[in-house]
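There are 4 protein chains.
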Amino acid sequence: MNHDFESAPEVATAGQLVLMVSADNKRFIIRLTPGAEFHTHKGRMFHDDIIGQPLGRVVVTHRGDRFVALQATLFDLIMSVQRGGTIMYPKDIAYALLKLGAGPGARVIEAGTGSGGLTTALATYVRPTGRVYSYEVRDDMQVRARKNLERIGLDEWVEFRVRDIVDGFEETHVDAVFLDVREPEDYLAQAWAALRWGGTFGSLVPTTNQVSEVLAGMQAAGFMDIEVAEIILRLYKTVPARLRPMDRLTPHTGYLLFGRKAMPLAAVGAAADGEEEPGDGGDEGEAR
Amino acid sequence: MNHDFESAPEVATAGQLVLMVSADNKRFIIRLTPGAEFHTHKGRMFHDDIIGQPLGRVVVTHRGDRFVALQATLFDLIMSVQRGGTIMYPKDIAYALLKLGAGPGARVIEAGTGSGGLTTALATYVRPTGRVYSYEVRDDMQVRARKNLERIGLDEWVEFRVRDIVDGFEETHVDAVFLDVREPEDYLAQAWAALRWGGTFGSLVPTTNQVSEVLAGMQAAGFMDIEVAEIILRLYKTVPARLRPMDRLTPHTGYLLFGRKAMPLAAVGAAADGEEEPGDGGDEGEAR
Amino acid sequence: MNHDFESAPEVATAGQLVLMVSADNKRFIIRLTPGAEFHTHKGRMFHDDIIGQPLGRVVVTHRGDRFVALQATLFDLIMSVQRGGTIMYPKDIAYALLKLGAGPGARVIEAGTGSGGLTTALATYVRPTGRVYSYEVRDDMQVRARKNLERIGLDEWVEFRVRDIVDGFEETHVDAVFLDVREPEDYLAQAWAALRWGGTFGSLVPTTNQVSEVLAGMQAAGFMDIEVAEIILRLYKTVPARLRPMDRLTPHTGYLLFGRKAMPLAAVGAAADGEEEPGDGGDEGEAR
Amino acid sequence: MNHDFESAPEVATAGQLVLMVSADNKRFIIRLTPGAEFHTHKGRMFHDDIIGQPLGRVVVTHRGDRFVALQATLFDLIMSVQRGGTIMYPKDIAYALLKLGAGPGARVIEAGTGSGGLTTALATYVRPTGRVYSYEVRDDMQVRARKNLERIGLDEWVEFRVRDIVDGFEETHVDAVFLDVREPEDYLAQAWAALRWGGTFGSLVPTTNQVSEVLAGMQAAGFMDIEVAEIILRLYKTVPARLRPMDRLTPHTGYLLFGRKAMPLAAVGAAADGEEEPGDGGDEGEAR
Numbered sequence: 004m005n006h007d008f009e010s011a012p013e014v015a016t017a018g019q020l021v022l023m024v025s026a027d028n029k030r031f032i033i034r035l036t037p038g039a040e041f042h043t044h045k046g047r048m049f050h051d052d053i054i055g056q057p058l059g060r061v062v063v064t065h066r067g068d069r070f071v072a073l074q075a076t077l078f079d080l081i082m083s084v085q086r087g088g089t090i091m092y093p094k095d096i097a098y099a100l101l102k103l104g105a106g107p108g109a110r111v112i113e114a115g116t117g118s119g120g121l122t123t124a125l126a127t128y129v130r131p132t133g134r135v136y137s138y139e140v141r142d143d144m145q146v147r148a149r150k151n152l153e154r155i156g157l158d159e160w161v162e163f164r165v166r167d168i169v170d171g172f173e174e175t176h177v178d179a180v181f182l183d184v185r186e187p188e189d190y191l192a193q194a195w196a197a198l199r200w201g202g203t204f205g206s207l208v209p210t211t212n213q214v215s216e217v218l219a220g221m222q223a224a225g226f227m228d229i230e231v232a233e234i235i236l237r238l239y240k241t242v243p244a245r246l247r248p249m250d251r252l253t254p255h256t257g258y259l260l261f262g263r264k265a266m267p268l269a270a271v272g273a274a275a276d277g278e279e280e281p282g283d284g285g286d287e288g289e290a291r
Numbered sequence: 004m005n006h007d008f009e010s011a012p013e014v015a016t017a018g019q020l021v022l023m024v025s026a027d028n029k030r031f032i033i034r035l036t037p038g039a040e041f042h043t044h045k046g047r048m049f050h051d052d053i054i055g056q057p058l059g060r061v062v063v064t065h066r067g068d069r070f071v072a073l074q075a076t077l078f079d080l081i082m083s084v085q086r087g088g089t090i091m092y093p094k095d096i097a098y099a100l101l102k103l104g105a106g107p108g109a110r111v112i113e114a115g116t117g118s119g120g121l122t123t124a125l126a127t128y129v130r131p132t133g134r135v136y137s138y139e140v141r142d143d144m145q146v147r148a149r150k151n152l153e154r155i156g157l158d159e160w161v162e163f164r165v166r167d168i169v170d171g172f173e174e175t176h177v178d179a180v181f182l183d184v185r186e187p188e189d190y191l192a193q194a195w196a197a198l199r200w201g202g203t204f205g206s207l208v209p210t211t212n213q214v215s216e217v218l219a220g221m222q223a224a225g226f227m228d229i230e231v232a233e234i235i236l237r238l239y240k241t242v243p244a245r246l247r248p249m250d251r252l253t254p255h256t257g258y259l260l261f262g263r264k265a266m267p268l269a270a271v272g273a274a275a276d277g278e279e280e281p282g283d284g285g286d287e288g289e290a291r
Numbered sequence: 004m005n006h007d008f009e010s011a012p013e014v015a016t017a018g019q020l021v022l023m024v025s026a027d028n029k030r031f032i033i034r035l036t037p038g039a040e041f042h043t044h045k046g047r048m049f050h051d052d053i054i055g056q057p058l059g060r061v062v063v064t065h066r067g068d069r070f071v072a073l074q075a076t077l078f079d080l081i082m083s084v085q086r087g088g089t090i091m092y093p094k095d096i097a098y099a100l101l102k103l104g105a106g107p108g109a110r111v112i113e114a115g116t117g118s119g120g121l122t123t124a125l126a127t128y129v130r131p132t133g134r135v136y137s138y139e140v141r142d143d144m145q146v147r148a149r150k151n152l153e154r155i156g157l158d159e160w161v162e163f164r165v166r167d168i169v170d171g172f173e174e175t176h177v178d179a180v181f182l183d184v185r186e187p188e189d190y191l192a193q194a195w196a197a198l199r200w201g202g203t204f205g206s207l208v209p210t211t212n213q214v215s216e217v218l219a220g221m222q223a224a225g226f227m228d229i230e231v232a233e234i235i236l237r238l239y240k241t242v243p244a245r246l247r248p249m250d251r252l253t254p255h256t257g258y259l260l261f262g263r264k265a266m267p268l269a270a271v272g273a274a275a276d277g278e279e280e281p282g283d284g285g286d287e288g289e290a291r
Numbered sequence: 004m005n006h007d008f009e010s011a012p013e014v015a016t017a018g019q020l021v022l023m024v025s026a027d028n029k030r031f032i033i034r035l036t037p038g039a040e041f042h043t044h045k046g047r048m049f050h051d052d053i054i055g056q057p058l059g060r061v062v063v064t065h066r067g068d069r070f071v072a073l074q075a076t077l078f079d080l081i082m083s084v085q086r087g088g089t090i091m092y093p094k095d096i097a098y099a100l101l102k103l104g105a106g107p108g109a110r111v112i113e114a115g116t117g118s119g120g121l122t123t124a125l126a127t128y129v130r131p132t133g134r135v136y137s138y139e140v141r142d143d144m145q146v147r148a149r150k151n152l153e154r155i156g157l158d159e160w161v162e163f164r165v166r167d168i169v170d171g172f173e174e175t176h177v178d179a180v181f182l183d184v185r186e187p188e189d190y191l192a193q194a195w196a197a198l199r200w201g202g203t204f205g206s207l208v209p210t211t212n213q214v215s216e217v218l219a220g221m222q223a224a225g226f227m228d229i230e231v232a233e234i235i236l237r238l239y240k241t242v243p244a245r246l247r248p249m250d251r252l253t254p255h256t257g258y259l260l261f262g263r264k265a266m267p268l269a270a271v272g273a274a275a276d277g278e279e280e281p282g283d284g285g286d287e288g289e290a291r
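Protein chains in written order, with this note's numbering: chain A, 4 to 291; chain B, 4 to 291; chain C, 4 to 291; chain D, 4 to 291.
Bound-form chain A, shown alone (with noise of 0.2 Å):
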């Protein structure tokens, strides 16, 4: 799903990113390196031993533990970003990048940076063209992101910042602005000033009170189009003749809001009420 697909070869090459899984399912993105070793709690193994072979084989470590080298996708990627530090879930990233139309040239901006799950997603699909600047007020919090998307090559696409976006944004006239930030509700001023007319907004709140109040906000502002979504991923034990949803369920992440900055069109404003808009109702509303 990244650029060292471009070749796409149907054999691993020094540089690409692998995902290697062992037989327990430990998972680890590891970038092809010739010469290069790759250790693990299962032991270690050659990059020589996957470079030049196709993927999807075993490959056995010293220890003579099993992995299985595969394409790194970019659920994979995000995993491996957010290992430990706050993280914003797959189900709802995927979601938020269709909403805000992050796509191939577009110039997003995002805040915090947090441990650089959603800069992954929108980084890899903004390229070859688009650029992603990606806000933090924490330094130390934004260096350990900043390694990752090195590490996985994403990290030219991105322009990192620290500062406290109470004081605004460096750029204007972007294509969308999402903020996954304490109190969104505070800097809404802030993310229409750098949004281009008829960019896109979004935001994920955990609470319904935050909803309520960026919301109310985001009303205030001027922004139009506006959905709020729970995004709820219901994962099934893989057993075909026992099929039940696991009983560990995925736990409450967020709740999403989306809007655009425009002028406003008297009667959207009447659709307030949720009804009438576009999460509701109209075949745009029931094509979900």
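The reader is advised that the hints may include incorrect statements.
Since the list can't tell identical chains apart, any single copy or any two copies may satisfy a pair.
[Said to hold, decoys possible] Computed cross-link-like contacts, SDA-like style, restricted to lysine to any residue with a CA-CA straight-line distance of at most 20 Å:
no.: 1; residue 1: LYS150; residue 2: GLY46
no.: 2; residue 1: LYS150; residue 2: GLY18
no.: 3; residue 1: LYS29; residue 2: HIS65
no.: 4; residue 1: LYS150; residue 2: ASP51
Derived by calculation from the structure, the hints in this document are not laboratory data.
Knowing the structure of chain A, use the given hints to seat chains B, C and D on it.
Okay, now just chains B, C and D, sitting in the frame of chain A:
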């Protein structure tokens, strides 16, 4: 969200795709063309009234009705191509994109073409160097989808093929295959044959019986890292002081299955009870 | 499910409540009366054709349409009394009954009466020695509910009161109070005053804003063992070979709140972050 | 919620069942007995300190730890009997009670007894003139459940039977049968034979495959008015200013099936696509 962004001008330009939203929330995608007129139930307006102006502005029809022009997001394009036909929902398309790893440069097969919703998303993200191979057994159906993708300028990244996939796919070594057809379990061997080693497979089915069948078929075919997921989208009324889920909920769309073409890792088979597989535990599992 | 069962004869008896189901699944509750006729859109039939016969038999109207007579469950009665009025859903009523502890001999207050759905459930289960005190500010509304309960023979366990509960309740030392009114947060002191020590309180509200308000009010009033719950009912199509959730999902009904009148247990206050409260952990918490 | 309430005294009386809740939210059900002591991890206290006092009072153990005594609800009793054993969840028990129509005077069969959770709910609501017939193939298991029901004083309404139900049930003309056993589809004929005409059937199964099997069996056996339902309980953190679903969600419990013993109504068979059946449409369908 599309290549029109690559210039990212502050004003709307000839040739740009824009979303027109009426005061009663009807939505239309148009490509700005000098001299052209836009006709709707609300009357007509001139593209030249939009070209050269910032997006987000209100445009008034000769009948005095108001429209606002916005940049079209991937979400909007998916909605617009899917009018009327059988559709795949953005909530499902979004998650599938991440799981499949359909990014710049990727070569992806989909079957069937349907009304072109997934085709639109894949074509958007494999640009500029990737390719989507879209199979459909019904010629008429594909003609419609092809027109839709031409209209939004994504057809150059898609090769449409009218063919019964029981005879297999023309391509090999592709990065991903997605099956949204009546009996996916009948085409798993063909999908396996078309995939590169380490590549990703996905499918969407409406019933639990089919989940069991496709799941059994995937395990028999040798796919690893299998996940069965259901995405539930919950939309809320956009009234800050009376926040509540919408009365009309999103309908059931289907169950998603994903896997990868790889050689067997003994213990991964043992994980078939689903409790050890990525969806369920570990930080990856939790990060959804 | 009602006292008609106490004889539990194998044949339908005069005076028994039965559910009549038409071939096109229209449902009617009737009390079998010698000599009476039952008139519907499908034509008429004689009660005497049912009395003395086993239930479950098909009865044919003079127009030749088919009905089947079944024993009426509490579910059926709740449905029948709620035709047309504002309603409380069985999924919510059922959970509330268990949480409130509304069993034989209990004295329970509800406000408002609404169309009598919860009244029906409470009256059913407090029999034979308990009592339901049902408050409603709108006289006309209560007249309708009273008629419904008379029709199904449960009125003798209900005392209907037309009164604005801002003035408090007439009863004290009741075992449970349930508020399904516009602003429950305004009547928490009245509920507390009416409850016996150790008694249970419950409420239903449609919005998250109200959940926050009622929750804050309950904590201020001193209620302990507080739970906030949402019951989501998912119905499946009854086709064994194509099992899937129904397209039309159940609408959002509301959020349920429960608590008990007791003196404060220091640490339980500390548990206000919700993670230590019963709903969340411990074997009680898991046993939901 | 139980017959101890029938006097409904303002003070706790000898013989009454009470729920003891510790400051760290441990819960115990005890029957107040003059002269008795209550021992816990938090130290001991005397029943006589509770008898004659209002419930809701704080009681202090000899070690200085605090407990509060509350009236035990049906919910509490279900929790208490189910400690450790395989359980049926209150959310499912509650909905089943309404669908089965298990009210005063009803004669109900359940199999298996399990740890007695459903038995407790049924015994509570069939009182004073009804009866629960509880079948279990494992003697040891039932001994435990019987002890639990004796402890809470509900055993007199239950007849426990140790028997393999493949040989059928001893009772006939019962109002309801509920199967919570490994392969319910194997015992549908026995359930049909035990039910009175017009009576209700219910079952709980964990997997979708079993739903299909039991559903097919029910349709073959002639059950009408069939519903397949899943109850999802969503609990929220009890923090008014930060309202959000709990991180740890309720696990998947199972799917519920319901039907009635009746003669076939042609068109109801045709309704097997589920769209015309009660769960889906009509005011009944909506009233869930």
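Verification of the supplied hints:
no., hint, result
1, LYS150 / GLY46, "neither (25 Å within a copy, 54 Å between copies)"
2, LYS150 / GLY18, "within (17 Å within a copy, 39 Å between copies)"
3, LYS29 / HIS65, "within (17 Å within a copy, 51 Å between copies)"
4, LYS150 / ASP51, "neither (24 Å within a copy, 47 Å between copies)"
In terms of the numbered hints stated before, the structure departs from hints 1, 4, listed from lowest to highest.
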